[in-house]
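Trainee: Residues per chain, in single letters:
2 protein chains.
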Amino acid sequence: MMEKGLLVVISGPSGAGKGTVYQKVIERTGMMRSVSVTTRKPRPGEIDGVNYFFKTEEQYQQMIAAGEFLETAEVYKNYYGTPKAPVYENLDKGNDVLFEVDVHGARSIKKQYPEAITVFLMTPDFETLSERLRGRGTESEESLKTRLGAAKRELGKYEMFDYIVFNDTVEQAVEDVTDIIRAEKRRIKNNLSVIKKLLEQ
Amino acid sequence: MMEKGLLVVISGPSGAGKGTVYQKVIERTGMMRSVSVTTRKPRPGEIDGVNYFFKTEEQYQQMIAAGEFLETAEVYKNYYGTPKAPVYENLDKGNDVLFEVDVHGARSIKKQYPEAITVFLMTPDFETLSERLRGRGTESEESLKTRLGAAKRELGKYEMFDYIVFNDTVEQAVEDVTDIIRAEKRRIKNNLSVIKKLLEQ
Numbered sequence: 001m002m003e004k005g006l007l008v009v010i011s012g013p014s015g016a017g018k019g020t021v022y023q024k025v026i027e028r029t030g031m032m033r034s035v036s037v038t039t040r041k042p043r044p045g046e047i048d049g050v051n052y053f054f055k056t057e058e059q060y061q062q063m064i065a066a067g068e069f070l071e072t073a074e075v076y077k078n079y080y081g082t083p084k085a086p087v088y089e090n091l092d093k094g095n096d097v098l099f100e101v102d103v104h105g106a107r108s109i110k111k112q113y114p115e116a117i118t119v120f121l122m123t124p125d126f127e128t129l130s131e132r133l134r135g136r137g138t139e140s141e142e143s144l145k146t147r148l149g150a151a152k153r154e155l156g157k158y159e160m161f162d163y164i165v166f167n168d169t170v171e172q173a174v175e176d177v178t179d180i181i182r183a184e185k186r187r188i189k190n191n192l193s194v195i196k197k198l199l200e201q
Numbered sequence: 001m002m003e004k005g006l007l008v009v010i011s012g013p014s015g016a017g018k019g020t021v022y023q024k025v026i027e028r029t030g031m032m033r034s035v036s037v038t039t040r041k042p043r044p045g046e047i048d049g050v051n052y053f054f055k056t057e058e059q060y061q062q063m064i065a066a067g068e069f070l071e072t073a074e075v076y077k078n079y080y081g082t083p084k085a086p087v088y089e090n091l092d093k094g095n096d097v098l099f100e101v102d103v104h105g106a107r108s109i110k111k112q113y114p115e116a117i118t119v120f121l122m123t124p125d126f127e128t129l130s131e132r133l134r135g136r137g138t139e140s141e142e143s144l145k146t147r148l149g150a151a152k153r154e155l156g157k158y159e160m161f162d163y164i165v166f167n168d169t170v171e172q173a174v175e176d177v178t179d180i181i182r183a184e185k186r187r188i189k190n191n192l193s194v195i196k197k198l199l200e201q
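Protein sequences, first through last, are from chains Z and B. Using the numbering used here, you'd call the opening residue of the first sequence number 1 and step up by one each time. Using the numbering used here, you'd call the opening residue of the second sequence number 1 and step up by one each time.
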């Protein structure tokens, strides 16, 4: 018997810094990243099975119908989704897997895999979120408003999350997420095989 | 509105190193320690309200009858107990309080204060526990057997604990306990007032 790996989800509003924190937590912990399935065409240099699993829309729809996704979303006419099989294989091998998904995706993952550990990443306040989105230089005032409204609705769903981390500095946010992962490794339910082995002595 | 402090309990079998880990976690985190009530006579230099609250047996029995203890135990004809009032006052002020108690005490605290975070501190295996107890030089072979039997029964109660930390090196065990405390601070339920304030913006 062996402990299963942890499935950890970093989520939160657009502009909170999910991508950067995710990348640094992966580097620091050596956790597995999940490879998404997509219907978009490969870009030069992208390798099937490494960057994405590239599928036709027909194949993708078959996978949806067969319930093969932990979460799936449509972005600008392309589909992106997380296939269950490779994730569950990793968890069964004892590997921890880290996800970075939007709040919709986090909800879908938690629904299908309730043991998932969900972290809501947020800026210290909405002004900071607004500044960061504005700093991208790609947001119109209207889309900024839309994003801020969405962020508030997403934070309003805090009850579906286990933890909240405020991304004041990236360094601190990465520290907080790795603390959470290390603490979860110490949960009784994640040590049952060790405990039972000790009790058999 | 303000977040309540955390009540964290370090427990585990005799010989696992609870006292040392407790002391170092207090030093590192600046958490409050709870002051126990006792019926034993003050030793030279001990100050009432600092080292212990010193009470007569009659006063102590009245406190038990009034339900004023989080946990109480009799050790060599003296009583030792943790009074609720000062602990709850600290938690209400947002201060985190750390306890070091035996498994019996941990159960009593968890029963009366279910939000308590309970950590079972254990040696990596029972051989190590045996060596450490033997190393004290104060245990007869018989009392050693009794203690090992008790340790096994205590580990058997793992389901009442939230976390397990293996005290392989003190440094690692202290790190694990502080990780757990920092992670718990990031739980959604310990950030409700901040979240609600953000949502009111």
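No lab work stands behind these hints, which were simulated from the structure alone. Take the hints with a grain of salt, since some may be wrong.
Since the list gives no way to pick out one identical chain from another, each pair is judged satisfied if it fits inside one copy or across any two copies.
Said to hold, decoys possible - Only pairs whose alpha carbons sit at most 20 Å apart, straight line, appear in this in silico SDA-like list of lysine to any residue:
| no. | residue 1 | residue 2 |
| --- | --- | --- |
| 1 | K185 | T169 |
| 2 | K189 | D125 |
| 3 | K24 | R182 |
| 4 | K145 | K157 |
| 5 | K185 | D162 |
| 6 | K111 | P44 |
| 7 | K145 | I64 |
| 8 | K93 | P44 |
| 9 | K152 | E200 |
| 10 | K157 | S140 |
| 11 | K152 | K196 |
| 12 | K55 | R134 |
| 13 | K189 | P124 |
| 14 | K189 | E57 |
| 15 | K185 | E3 |
| 16 | K4 | E142 |
| 17 | K4 | I188 |
| 18 | K189 | P114 |
| 19 | K196 | E27 |
| 20 | K189 | D162 |
| 21 | K77 | E89 |
| 22 | K77 | R187 |
| 23 | K145 | N51 |
| 24 | K157 | M63 |
| 25 | K185 | A116 |
Trainee: Against each hint, give a clear statement of whether it holds in the structure.
Mentor: Hint-by-hint comparison with the structure:
no. : hint        : result
1   : K185 / T169 : between (25 Å within a copy, 17 Å between copies)
2   : K189 / D125 : between (34 Å within a copy, 18 Å between copies)
3   : K24 / R182  : both (15 Å within a copy, 19 Å between copies)
4   : K145 / K157 : within (19 Å within a copy, 53 Å between copies)
5   : K185 / D162 : both (15 Å within a copy, 11 Å between copies)
6   : K111 / P44  : neither (35 Å within a copy, 61 Å between copies)
7   : K145 / I64  : neither (33 Å within a copy, 59 Å between copies)
8   : K93 / P44   : neither (33 Å within a copy, 58 Å between copies)
9   : K152 / E200 : between (51 Å within a copy, 10 Å between copies)
10  : K157 / S140 : neither (26 Å within a copy, 58 Å between copies)
11  : K152 / K196 : between (45 Å within a copy, 11 Å between copies)
12  : K55 / R134  : neither (35 Å within a copy, 64 Å between copies)
13  : K189 / P124 : between (32 Å within a copy, 17 Å between copies)
14  : K189 / E57  : neither (40 Å within a copy, 41 Å between copies)
15  : K185 / E3   : within (10 Å within a copy, 25 Å between copies)
16  : K4 / E142   : neither (45 Å within a copy, 39 Å between copies)
17  : K4 / I188   : within (13 Å within a copy, 24 Å between copies)
18  : K189 / P114 : both (14 Å within a copy, 18 Å between copies)
19  : K196 / E27  : neither (33 Å within a copy, 33 Å between copies)
20  : K189 / D162 : both (16 Å within a copy, 8 Å between copies)
21  : K77 / E89   : neither (30 Å within a copy, 57 Å between copies)
22  : K77 / R187  : neither (42 Å within a copy, 36 Å between copies)
23  : K145 / N51  : neither (32 Å within a copy, 57 Å between copies)
24  : K157 / M63  : neither (28 Å within a copy, 44 Å between copies)
25  : K185 / A116 : both (13 Å within a copy, 19 Å between copies)
Hints 6, 7, 8, 10, 12, 14, 16, 19, 21, 22, 23, 24, counting from the list given before, are not met by this structure.
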